[in-house]
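Engineer: Sequence:
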Amino acid sequence: MPPPTVLVTGANTGLSLEAAQHMVRLGAEDILQELAREDVARMVDRQVVCLAGLAERLTQPPNSRRIISSTINPGAVVTDIMRESKGFFSVYVKATQAILMGTAEEGSRTLVHAAKGSRETDGQYLCDCKPAGPELISPFVTSEEGVATQRKLWKELMDKLERIQPSIARNI
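In the working numbering, the protein residues as written are 767 to 938.
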């Protein structure tokens, strides 16, 4: 195993991307406050953007870092999450799983690959055990607007955590 490794997981597509872009369009003054509203937010959206902020901090400064951080995409995998589905929906789920999804073991390979990462995987978005091409990375995530949103949300989160536990930000 290489030096201490931090695995940062999340998504840069789908609901998470849409939520982040929606917050930008709304011009939300306080992103955390806006995401606390049940009609607007989903917990995963907060986690993804915060993980992006954490990943950015873990990879600095480049010459002295001993931590490798990667974002992974295990792909669509079959799990028991839909085990309670019934009727036609159950048939649909099983067919979709059989045709389009891999096993959880197959998806976990990318997680293990990231955990055994090296400087070549540092800061990369990993799919199928290799860095993803630019076509798989949302333009919003890497845009000035996306980076500004990540930084704003990170600052809000750190401010909130500091109010709860003073000096905690020094540990992150």
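Hints in this document: simulated from the structure, not taken from any laboratory.
The beta-carbon is built from N, C-alpha and C at its ideal position, and this holds for glycine as well.
Heads up, a few of these hints could be off.
As the list claims (entries may be wrong) - Below are the EDC-like pairs computed for lysine to aspartate or glutamate, each with C-alpha atoms no more than 16 Å apart in a straight line:
hint, residue 1, residue 2
1, Lys896, Glu922
2, Lys860, Asp846
3, Lys882, Asp894
Stated by the list, open to error - If you anchor each label on the Cβ, the simulated ranges turn out as follows:
hint, residue 1, residue 2, range
4, Leu902, Thr869, 18 to 26 Å
5, Lys896, Thr869, 18 to 26 Å
6, Arg917, Val878, 25 to 33 Å
7, Lys860, Arg936, 30 to 38 Å
8, Met924, Glu901, 30 to 38 Å
9, Arg885, Ser933, 29 to 37 Å
10, Thr908, Ala935, 20 to 28 Å
11, Gly853, Lys921, 25 to 33 Å
12, Phe854, Ala914, 40 to 48 Å
Engineer: The structure should be examined with respect to each hint, and the outcome stated for every one.
Structural biologist: Outcome of the hint check:
no., hint, in the structure
1, Lys896 / Glu922, "violated, 33 Å"
2, Lys860 / Asp846, "holds, 11 Å"
3, Lys882 / Asp894, "holds, 14 Å"
4, Leu902 / Thr869: 18 to 26 Å, "holds, 21 Å"
5, Lys896 / Thr869: 18 to 26 Å, "holds, 19 Å"
6, Arg917 / Val878: 25 to 33 Å, "holds, 31 Å"
7, Lys860 / Arg936: 30 to 38 Å, "violated, 50 Å"
8, Met924 / Glu901: 30 to 38 Å, "holds, 33 Å"
9, Arg885 / Ser933: 29 to 37 Å, "holds, 31 Å"
10, Thr908 / Ala935: 20 to 28 Å, "holds, 25 Å"
11, Gly853 / Lys921: 25 to 33 Å, "violated, 47 Å"
12, Phe854 / Ala914: 40 to 48 Å, "holds, 45 Å"
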